[in-house]
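2 protein chains.
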Amino acid sequence: MELIERGSVTSPAGFSAGVATCGLKKSGRADLMLLHSERDCTAAGMFTRNQVVGATVTLNRETLAANSDRMRAIATNSGIANVCTGATGLQNARHMQSLAATAMRCRIEQVLVLSTGIIGVQLPMDKIRAGLTAAAADQHPDGGMAAARAIMTTDTRPKHLAAQIQLPTGSVTIGAIVKGSGMIHPKMATMLAILTTDALIPARTLRALLIPAVNHSFNCISIDGDTSTSDAVLLLANGATGISCARGEAREAFAAALTHLATELAHLVVRDGEGVTKFVSIRVSGARTKADAHRVANTIATSPLVKTAFAGSDPNWGRIIAASGRAGVRFDLQRAALWIGASDHETLQLVARGTPCDYKESDAAQIFAGSDFSVHLDLGCGDAETTVWTGDLTHEYVSINADYRT
Amino acid sequence: MELIERGSVTSPAGFSAGVATCGLKKSGRADLMLLHSERDCTAAGMFTRNQVVGATVTLNRETLAANSDRMRAIATNSGIANVCTGATGLQNARHMQSLAATAMRCRIEQVLVLSTGIIGVQLPMDKIRAGLTAAAADQHPDGGMAAARAIMTTDTRPKHLAAQIQLPTGSVTIGAIVKGSGMIHPKMATMLAILTTDALIPARTLRALLIPAVNHSFNCISIDGDTSTSDAVLLLANGATGISCARGEAREAFAAALTHLATELAHLVVRDGEGVTKFVSIRVSGARTKADAHRVANTIATSPLVKTAFAGSDPNWGRIIAASGRAGVRFDLQRAALWIGASDHETLQLVARGTPCDYKESDAAQIFAGSDFSVHLDLGCGDAETTVWTGDLTHEYVSINADYRT
Chain A
8 MELIERGSVT SPAGFSAGVA TCGLKKSGRA DLMLLHSERD CTAAGMFTRN
58 QVVGATVTLN RETLAANSDR MRAIATNSGI ANVCTGATGL QNARHMQSLA
108 ATAMRCRIEQ VLVLSTGIIG VQLPMDKIRA GLTAAAADQH PDGGMAAARA
158 IMTTDTRPKH LAAQIQLPTG SVTIGAIVKG SGMIHPKMAT MLAILTTDAL
208 IPARTLRALL IPAVNHSFNC ISIDGDTSTS DAVLLLANGA TGISCARGEA
258 REAFAAALTH LATELAHLVV RDGEGVTKFV SIRVSGARTK ADAHRVANTI
308 ATSPLVKTAF AGSDPNWGRI IAASGRAGVR FDLQRAALWI GASDHETLQL
358 VARGTPCDYK ESDAAQIFAG SDFSVHLDLG CGDAETTVWT GDLTHEYVSI
408 NADYRT
Chain B
8 MELIERGSVT SPAGFSAGVA TCGLKKSGRA DLMLLHSERD CTAAGMFTRN
58 QVVGATVTLN RETLAANSDR MRAIATNSGI ANVCTGATGL QNARHMQSLA
108 ATAMRCRIEQ VLVLSTGIIG VQLPMDKIRA GLTAAAADQH PDGGMAAARA
158 IMTTDTRPKH LAAQIQLPTG SVTIGAIVKG SGMIHPKMAT MLAILTTDAL
208 IPARTLRALL IPAVNHSFNC ISIDGDTSTS DAVLLLANGA TGISCARGEA
258 REAFAAALTH LATELAHLVV RDGEGVTKFV SIRVSGARTK ADAHRVANTI
308 ATSPLVKTAF AGSDPNWGRI IAASGRAGVR FDLQRAALWI GASDHETLQL
358 VARGTPCDYK ESDAAQIFAG SDFSVHLDLG CGDAETTVWT GDLTHEYVSI
408 NADYRT
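If you read the protein sequences in the order shown, they are chains A and B.
For the first sequence, the positions run 8 to 413 when my numbering is used.
For the second sequence, the positions run 8 to 413 when my numbering is used.
Certain hints may be false.
Because identical chains cannot be distinguished in the list, a pair is counted as satisfied if it fits within a single copy or across any two copies.
Said to hold, decoys possible - Calculated cross-link-like contacts (lysine-lysine; reagent style DSS-like; alpha-carbon spacing at most 30 angstroms): (1) K33 x K297; (2) K32 x K134; (3) K297 x K134; (4) K134 x K33; (5) K297 x K32; (6) K367 x K297; (7) K134 x K367; (8) K367 x K32; (9) K367 x K33.
Hints are computed from structural coordinates only; laboratory data are not their basis.
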């Protein structure tokens, strides 16, 4: 697998994208994008597990259930989320789907629709209509980078990636764009990820490949513990290369590349998290079950006290231990151990058998002063483990979220 | 029930308190206090549900199990929590109990011990010994206010209350001091509350009275979702008035006063929460069960996005709806309604049947601009309800917690 420089959703063959500025964002930046495939695509999607979902989530679930192998386009607006908008909201989402189908000359059920932004506001359909027409006219085979910008909300930079997979039968490409920097939490908070590939993969297989990739990536990151109402990961495969990745080694190579790419995208989201200045890997091992490990890692990753200690470069391991103690998982503190380390380098043990080790405070502080570091907690009561990724909780996070609408 | 001005743990008859500065706090402020009753007390205690507990929690559970009706003293230090300190930590807690017993001329099992502050550091027993001797020499029948100061950590002000209850047989008094301003969360995070009374109440009844009072007060507040390892609420009854509150109307009056006082104390803790500038009541009604209502209210109360919106005086109800949607409680958004209001005044409806009402944004903003306001979410699917209290998430919170040890 080889990363493609400036790669995006339009790196795989047969995809194009166009953008438009239709006036949904106060900033006056591009707020609409239309991704298109010249061939029918198989499609798979995973959505938020929040009880309250946006109109587009309802619509996409319906569209994918009816048609998962002749998809042609994804229309996305940023600025307005179309959530808590009742029957009118769902009607508007359908209208947007239909307008996009007209603009791209395909059938309604061949279009998926995504909306991200403020909750409780109806889409101004006149603006959406004009935007879709403009985005259809703007289609470029290298439009993916602009598309990555057009789906941004509080993101500070566009996030896009692509990779080429060499197979005995030739090479296929996976491309992606992603947005989301707040409300990020396992179960895919305010995050939209769009993945494309020119490999040939049946819809059912595509879905089977997407689920574990998302579970190992987007479902292992947390910025603030808030799960959004509109999260979606969509994957389109247009088969433009004619190369099948449905079985055997090709499938394995595709699966590995997809998970790798999704993990890289998830890390990009954390690094661009609202106010985030540190990227922290939290590994919990020695748990009885994977679910236990995940529960503890997540509790640490969302603890405001832990995250402010990260922000202050303060190796205050007591807060990490205290957070793990309230995760609802039984363990014996006398068997617990804790290490920290710079990125993937050697680690410094802070706690053994539940009590502090004889380490130099300055060594620990130096690790936490870095912009990338890891925390490893071993519970000493089993063999299961997991890793989640998070950032710090900073003044900037408060500023961004206290002033979002004002 | 009548509040006593400048009331505290020494307002009930027969109690005294003394403080000392033994050098556990960098600030050089008083860090040790010794509360004493001239008569044997019945005693009840409730402690953190964190899996990881401080040595004093272990010790107090043991002491209360062995002796709940001849208690004489509570020794408390601030600055060091004596948590994650292994066998030495428990030994030190026992040593502190024994030193306090010697200083106050009572038996070891007549002393309860509390420690609050930094995790993972051993108590300097020489300093504790000197401090206990000084605090024993400092005993005053009006020492409760100084005691409230001596148990503070990041608190910005001492928190103390007392109330007199008029009964047909005479009047009894309940007094209290409390500390805690971060790591505050249901299940009693980093919070120490000491309550005293001169009523005559058997130990078993005392415990039966304490549990609902704590559940309706301290277990309904949240600053940052972090549950501490050392939380404790202790209640001593020395019977100095000779007036029994064990049965009938006297018991009812006592129970009501105790719950009222505990709720007032809990509110004081929220108002003095780390960086808190707003006091917010979150009422969730129309839930299927009380547990469901509590889960939704808690998720709202701990959501960083909701709490930063409070900080920004931004009536961003979308975040409140989104938070309730991820609480793990099933409800139908189309039946949900949301109101906000200034303190206990009339309320403004923002959401009806899951969609925004036609209200003036400036009216909503004015309510959120206040320092006291309420949020009321009705889920429309049952009769159960609850109220929890929380604050906002501010720059100041980040500053306090990023720089706590440095």
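Cross-check of the supplied hints:
1. K33 x K297: neither (44 angstroms within a copy, 42 angstroms between copies)
2. K32 x K134: Classified as within; 12 angstroms inside a copy, 61 angstroms across copies.
3. K297 x K134: neither (47 angstroms within a copy, 45 angstroms between copies)
4. K134 x K33: within (14 angstroms within a copy, 60 angstroms between copies)
5. K297 x K32: neither (42 angstroms within a copy, 41 angstroms between copies)
6. K367 x K297: neither (33 angstroms within a copy, 49 angstroms between copies)
7. K134 x K367: For K134 and K367, the Cα distance is within 30 angstroms only across copies (24 angstroms; inside one copy 60 angstroms).
8. K367 x K32: between (50 angstroms within a copy, 21 angstroms between copies)
9. K367 x K33: Between copies, since 20 angstroms is at most 30 angstroms while 50 angstroms is not.
Hint violations for this structure: numbers 1, 3, 5, 6, all remaining hints satisfied.
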